[in-house]
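For this one, chain B is given, so just place chain W on it according to the hints.
There are 2 protein chains.
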Amino acid sequence: MADLPASGADDRGPDVAHTAAPADDPMIGEVGEGRVLQTILARTPAGAYALLGPGDDAAVVAAPSGSVVVTTDTLVEGPDFRAAWSGGYDLGWKAAAVNLADVAAMGARPTALLVALAVPKDRRLSFIAALADGFRDACAGLAPGCAVVGGDLTVSATLTIAVTALGDLEGRAPVTRSGAGVGDDVAIAGEMGAAGHGLSVLFRRFHQDGVAVPVDPAALAEGESEAIAAQLRPAPPIGLGPVAAISGATAMMDVSDGLALDAGRMAEASGVTIALDSSALGAHPHRALAGGEDHALLATFPAGPLPPGFRRIGSVQAVVPGAPVLCDGEPVGPLGWDPYRDGGTDAR
Amino acid sequence: MADLPASGADDRGPDVAHTAAPADDPMIGEVGEGRVLQTILARTPAGAYALLGPGDDAAVVAAPSGSVVVTTDTLVEGPDFRAAWSGGYDLGWKAAAVNLADVAAMGARPTALLVALAVPKDRRLSFIAALADGFRDACAGLAPGCAVVGGDLTVSATLTIAVTALGDLEGRAPVTRSGAGVGDDVAIAGEMGAAGHGLSVLFRRFHQDGVAVPVDPAALAEGESEAIAAQLRPAPPIGLGPVAAISGATAMMDVSDGLALDAGRMAEASGVTIALDSSALGAHPHRALAGGEDHALLATFPAGPLPPGFRRIGSVQAVVPGAPVLCDGEPVGPLGWDPYRDGGTDAR
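Protein sequence lines, in the order shown, are assigned to chains B and W.
Residues 1 to 348 in the working numbering are what the first sequence lists, from first letter to last.
Residues 349 to 696 in the working numbering are what the second sequence lists, from first letter to last.
Source of the hints: derived by calculation from the structure; they are not laboratory data.
Everything numeric in this text was worked out from a predicted model, so none of it was measured.
Just to be clear, a hint being listed does not mean it is correct.
Covered stretches of chain B, as calculated for chain W (at least 3 residues, CB under 8 Å) [stated by the list, open to error]:
# : region
1 : 162-173
2 : 208-220
Pairwise CB distance ranges, derived in the manner of DEER restraints [what the hints assert, rightly or not]:
#  : chain 1 : residue 1 : chain 2 : residue 2 : range
3  : B       : 330       : W       : 520       : 37 to 43 Å
4  : B       : 181       : W       : 394       : 24 to 30 Å
5  : W       : 383       : B       : 303       : 35 to 41 Å
6  : B       : 330       : W       : 413       : 50 to 56 Å
7  : B       : 38        : W       : 676       : 30 to 36 Å
8  : B       : 303       : W       : 594       : 51 to 57 Å
9  : B       : 229       : W       : 630       : 54 to 60 Å
10 : B       : 55        : W       : 676       : 28 to 34 Å
11 : W       : 634       : B       : 55        : 27 to 33 Å
12 : B       : 210       : W       : 594       : 18 to 24 Å
13 : B       : 64        : W       : 372       : 45 to 51 Å
14 : W       : 383       : B       : 304       : 50 to 56 Å
Where is the CB? At the ideal position from N, CA and C, for every residue including glycine.
Bound-form chain B, shown alone (with noise of 0.2 Å):
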């Protein structure tokens, strides 16, 4: 590697591995795997539940009710994020804002998650920092004592953070997607549309002969920062899974590819039909119903006072043969996202 002067280099973007950084900064293929690793222990202390830490061939995590829930997603740069828009600590949040919200959606409190890196050998340390603590106040922010307590280290040529999340049911029977009754309220908690929304002004201003560009703050709307920041770190209302299903929640999901097509999960699997209002679905109906990654907490519960942070949107009705969605009575066609369908990839 050139010996260049340092720049204002941080952990944003492809551009981070061909421009200068400063010696303390090396890229990951100059160093070996542990200091790695110890650059992201440094930066994730061990949770309440961790029994056992990193540094041995697995860690043990305390399943205090005799159970553990268990969920993997995974972000691939290309289909899932682009360099140009998404930072490490972005990479690093919404990664386990996505797995954290999959296990507070069985109403599980999270307990533990591992991450697993593949990195290309260009990438900087400083980046593999940015993740760590994106991960670390993920954590904190959304699912306090839950923590980073395994991962594994791997290069690759394309970038790829896969996460596991544990979570425990504290005795609870797990809220399923299949318990929707006739007669439910349909309720959501968390934001619908603004990340779907934040990624087509992403896809729309910040995107040039198929290339994801960097965003010009100074170049965005008002509400468009806001809705970027939902696309980049999404902030789902972890704990409220717990809290439904202390509640009575009947079914729950996390809303990760759209109210029409999530909604319509639910009722195949309940063998309903969930009839929503559009006038509780927000300023932006559609958004709502097509716009995907809010993470938001769809749950039914039996009619009657919702628990806190729960708004109705709809009602749960015996099934109508062919329209699972219902909105304002009108049947709903699938508005979501498959990434095997949709999942085009550009030039980063």
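Structure of chain W alone, referenced to chain B:
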């Protein structure tokens, strides 16, 4: 896709994606995520510990003893495997085996696997099916009762298989790397050096102009076929992990990077020196010291009779500064594998 007649395409190698295939063997990019998931789930029955299997936001796995052992390890095309050498079945088997070994090395019994796949769009569905078969058979063959309980699918330019394994300690304390005591016997269960020898045969004989080429079975000398099998489908003695723990193992780990490097890690974690006896390392002591990926179980026990399946290879001594590992009294340098230092990629 051109409507070409079916060929002999199987799940092996990069050619599959570019040659004709039966009409019922579409490319991943041609089918929805649902069909890919269905292909996997139809081949991987729920295990004995799955309280709630795939299909919801998360799975629920029994953790009878109130804690869960958890580990993650990733295989990336290029640094970790070549498609010309490893078919889908091999990859599923190996990705399961290496993770099961990490659970066993804590003295725990594996209970569940989660599989996060990032797959190029042009891979065939038959490749995914073979991968799922490999996962299923590795669980059934190496860790009965353990099964795939969940996973994630995304598209990626680089084939990446990130596995998380869970295990139960059955009420015992975890066996860490740090408990080896002076005077203990050092013992091993499983192969030493076979997988590393297999990799060297592959690189020496089936790697031309910097690119992996398919193995020609007719070109193999005696023993080479077994060595290649040990590399592609390692069979660590998973069930002996709990046996070692019950028998009072003071320290344990799996040998993934070669005995010299991994015994050094155990010695450093325990603050001792491990003295090996070359006459106990088989016909090829250097292969045993340097060759990784067998995932044998290295353990220390109070001096005396060893549990079934373990054989003595040395003893634990008071620390010799600068020499964590001795062989026949001489210091052994690190001879193993650091993916960040050594992880070359080739054209596939």
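Exercise for the section: Find the hints from earlier in the document that the structure breaks and name them by number, from lowest to highest. Expected result: Hints 2, 3, 12 and 14 contradicted; others consistent.
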